[in-house]
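Asks: Chain order of the listed sequences is A and B.
With the first letter of the first sequence counted as 1, position 374 gets the number 380 in the working numbering; the numbers rise by one all the way through.
With the first letter of the second sequence counted as 1, position 72 gets the number 167 in the working numbering; the numbers rise by one all the way through.
Be careful, since some hints might not be right.
[Claimed, not checked] Below, a list of computed lysine-lysine pairs in the DSS-like style, where the Cα atoms sit at most 30 Å apart:
1) B:Lys-114 to A:Lys-25
2) A:Lys-482 to A:Lys-551
3) B:Lys-124 to A:Lys-25
4) B:Lys-124 to A:Lys-148
5) A:Lys-92 to B:Lys-114
6) A:Lys-92 to B:Lys-116
7) B:Lys-124 to A:Lys-92
8) A:Lys-265 to B:Lys-116
9) B:Lys-114 to A:Lys-40
10) B:Lys-100 to A:Lys-128
11) B:Lys-100 to A:Lys-40
To be clear, the hints were calculated from the coordinates, so they are not data collected in a lab.
Remember, it's a predicted structure, so these values are computed and weren't measured experimentally.
Okay, here's what each chain looks like letter by letter:
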Amino acid sequence: MAYYRSTVLVSMDPVCIDKGALDVKEQLIKELAKHNLSEEVQVLDIPRVGDPETEGPDFLVYPEGSHYIQLTPATVGPIVMEHFIKGRELQQYKAQMRDVTDEELGEPKDKEIRIILENIGKIDPRNIEDYIAVDGYQALAKVLGEMTPEAVIQTILDSKLRGRGGAGFPTGMKWKFARQAPDTPKYMVCNADEGDPGAFMNRKVLEGDPHSVLEGMTIGAYAVGANQGYIYCRAEYPIAVSTLNIAIKQAREYGLLGKDILGSGFDFDIEVRMGAGAFVCGEETALLASIEGNRGEPRVRPPFPASKGLWGKPTNINNVETYANVPKIILRGLEWYTSMGSEKSKGTKTFALAGDVANTGLIEVPLGTTLREIIYDIGGGIKEGKAFKAVQTGGPMGGCLPASNLDLPVDYETLGAAGSIMGSGGMIVMDEDTCMVDIARFFMEFTQDESCGKCVPCRVGTRRILEILERICAGKGVPEDIPLLRQLCSEIIQDSLCGLGQGAPNPVISTMKHFMDEYEAHIYEKRCPAKVCRSLITFDILPEKCTGCTVCARNCPVSAITGERKQTHVINTEICIRCGICKQVCNFDAVVIK
Amino acid sequence: MPTIKSIDDLKRLREEAQKVKELRDQTGKTQIIVGMGTVGIAAGARETLKEILTFIEDHHLPDIILRQTGNIGLGGQDPVVQVILPGAETVTYGKVTPAMATRIMEEHVVKGNIVQEFRIEA
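Chain B extracted, bound-state conformation (with noise of 0.2 Å):
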């Protein structure tokens, strides 16, 4: 517990409880989900996550959401990866190896455009 001595404590606590309430505060961005069921693991979804991530670190991309679910159930599509942009509707993609995860963030999470060939019917 954090007794608040100074004025200065107090600002640094403000930092602190922001941070706290941005990452709490999921409105207005990205959100990128993996499946990641047994199957989906075994399918290679632990790459896909991976390749993502890289992604985002490497382009410094703002206010993403990447969550992992269970099993999506779209048998046999495993790994599997809906991008939400805020606003928009899900879209699914399948199959999703990790160089087809690089052209989806680049086409879709960058740039806006859906990846229609690796789209599937969720």
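Chain A with its partners taken away, still in its complex shape (with noise of 0.2 Å):
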């Protein structure tokens, strides 16, 4: 094979030949004769560069990845004069450069296996044949060529993929319920309102590698027999919105999506419907209303979706992540994919680690890694040498585990019976600093925030939950407030008709079992051992330290300081409202909290 230096791809969109890509062409092989570089420069077609409408005609130059936008057959020749014979750019009809990679994820670290974030940073989620380059629609045209709809569903069951929005429910298990499903027509929906704060390894997937969850549905719809599907994804997400909607336009250009695809006479399309971010839109019933144009409320279940799901049809409804597995379980197999994971939970899933850990950000670890290895050897360890106090997995429904609980290998049971969930992935990490007692109030003010309110122990007894702990962080806690709170979490548990609710006292009850006697400082001692809830701290000066500088008495917002240049200053703590302010600006670590 000749070696080309240089080759030149361009794009042969038929916007671009509208626009005269064939008359550019002529002309730069013209040119490329006349300065004898046929030999050295390749010229290729590709079927699209850039966006044709804005910036065709339109070609690449490599090695050095040059764009050239907006030609005519008259700018060709000053561009091989000064690309090609001198090695200059020309920038004048440069397009800025649009840089793939990835900055919010990082390089992974040695205990991570990164499937699902495989190609991200690494392909551009907005070019559909870069996901095609990395074996992207292979599994589908396996899929559509070679399987039955019940093959697909049975690969899927011994895979033992489970849903990764939190609740584990066995994928093949859902699939094979929507098709026994008389009913027609049948509907697939992809669940990518991420909701839990701080959690966005959902929107990585649908900026990232969009493909990967179209793809995955696809494969699911032709496993159902369902022919349309729904993204619902949360307005607060406008890229994804924006890449998901690039990539179900070319999918159908390609013909990947729409009518008879590869051939197979399976006919199947995507909508994106958007959610205006109420948390409970996340349930799966009142995401289903919310797709109708209805209230986004949860309703009793049975029927489930899959036999009574959108506009009372069928409806087969998974997480993004979980959609974003099956492509590479049909591709490469049950035998590679059940290598990774625990006994019970297969696979790899992605975490938004936040919190006090020294490396934040998304990873992905095979199921069944311990909290451990994924808090120290991933994470870091804590921030500035801190000591570990809780993990908390799941998002806000969640529980909070301590560090006896550090060795527990993360999977859909052991997180359960530990008193927490996997959730969707979310995992808070707090330090020695954190007060537990605050932690639950916080954690209860957005669940009680979000309650939908159609049901009276959500909408009542968070609330009450709420007023409850708000007390004792306020030093007004009473003995009997303790027994209240676990009959209020017993009956919220069993009474509420969704996970919201089911899941909201999560927390509290957790932080009750881990850490009772921090409920206990507050209520009898009316001391906060973690030095957080304002009513319960002073601020007071060391004398020793102080040098009279003056600085705090300048900065607090209430002068409840006073003290003469150089003589030691004193707090007025009838006047000071613990805000904290003094001990931020004082350079002589002269300010403590009592």
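These two chains come separately, so use the hints to put the complex back together.
Replies: Okay, structure coming up:
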């Protein structure tokens, strides 16, 4: 094969051709011949480079990766002269390079295995061909060409893939129920309403590798017998929504969505529906109600969506990450997939590591990795060398696990048994300076705010719990509060309609189980051991450290600090609002919390 | 725009797309840079470049990126050739004639030994 030092890829998109791409190519070949460069520079056709509407006709030049846009035959000559003869890029015709590397996602750490995040930052999510180059849509081809819907369902059953949205229901079972439902038409829904504070695993996949989700959904639709799919994505993810829409448009243009996919006779199309940001819409029945255009409130199950879902028809709902797993399982095989993970939980899981851990961000590990490995080996341990106190898994409805649980393997059963949940993959690490009562109060504030209000236990119960926790944090707790909290928690769990209410008490129950001493200190001793709850702390100035520099007095917003220059200053606790500004500004560590 | 009508279409498209992706992926490849400013060309950089091209083609060397740049800024040293092996520092050669280019290719690019007597300080 001849060696070319440079390759020009000319976009042959119909729009580009319409705007004169063929003339540009002809002129390019002429110019190269004129300068005796035909042997050195190769000219190839490519279906598309940039956006044909705004950038075409255009071509890419490698190895430099220069993208020349809005070309006419007249501009080709100068480009050949400058770029190929003189080795300079001609800036006036050059597009801004589109960077596909991902800054949010770092290099994988030692114990990570990246399957779902594998392509992110390595392929251009706005170019379907990049996905095809990394074996994209090959799994769909295999399914449509060689497998019956039953065989697909069996493969997913055997892979032991479980719902990555949190509950961990076997995906193959879900598909089987939807397939067996007699009613038609059937629908395929993707839950992309990622609402847990601090979690962004799904957003990353939608923004960085949208076709993996489309492909997984299409395979599922074939298995279930659905011809229409919906992706329910929250409106707070505008980039994810626009990336998805571009991906869907390109998949349709390439014949990978729509009628008669790959000549198999199977039809399937996908639409994006935007959610308006209600946390409860991540619950499947509320999500379906929202797609239908109704108020996003959950309803009683059964009937489950697999028999009566969207518009009363059989509907299969899976999470973004669940769908993204499907093509990989089909293509790389069961043996490969089931080699990762624990006994009952196979494959990998993405987590958003947040809080007081040194390396925050997205990670992907095989299920069954211990919390210690995740927090210390991958997360780099606790910030500033402080001590670990607790980790909360599974978002605001998860439980807080103490240091004694650090060696638990992270999988659905173990976390459930320990009083927490897998959830969609939020993981918040807390250090020794965290007050567990305050944390329980914080999460209850969130769930209370997000309760849809349809059923009483959740609407009123979370409110009462929040009031009690606020009271305890304010130093007004009474001994009866503890049994009252226990009773409220168990009743809310028993009587709530959906997962939001059933999960809401988890942070309270788990902190009461593992950190009862802190509750007791607040209630009996009116003391906050972590020195967080404002009503239970006082600020004081150490005379031996105070230099009388007056910085604290000048910064105090309520003028609670008095003292002469070069004399020890004093805080008047009657006036002090415990904002902590004096502690922040003191250069001599003279301000302490008692 | 290719509409993919069959599995074979998809396989064909994958191969094309992989080629394009490979062109873009430059990690782990040897880079050879030839300074092609006006001075460089006047001093014979094109002949040197052609010699390197011929060498790559004759020896079927894989994974080499040959690129040109403008004036490298080493007055009086043209034609300038820079060789960057994967993970190694940039080595700059000055006044590279076609014959010298062949030697640099044989010694440095193929065998990995820097040709010290042609080397200049960059």
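Asks: Going through the earlier hints one by one, which of them does the structure break, listed in rising order?
Replies: The structure breaks hints 2, 3, 4, 11; every other hint is satisfied.
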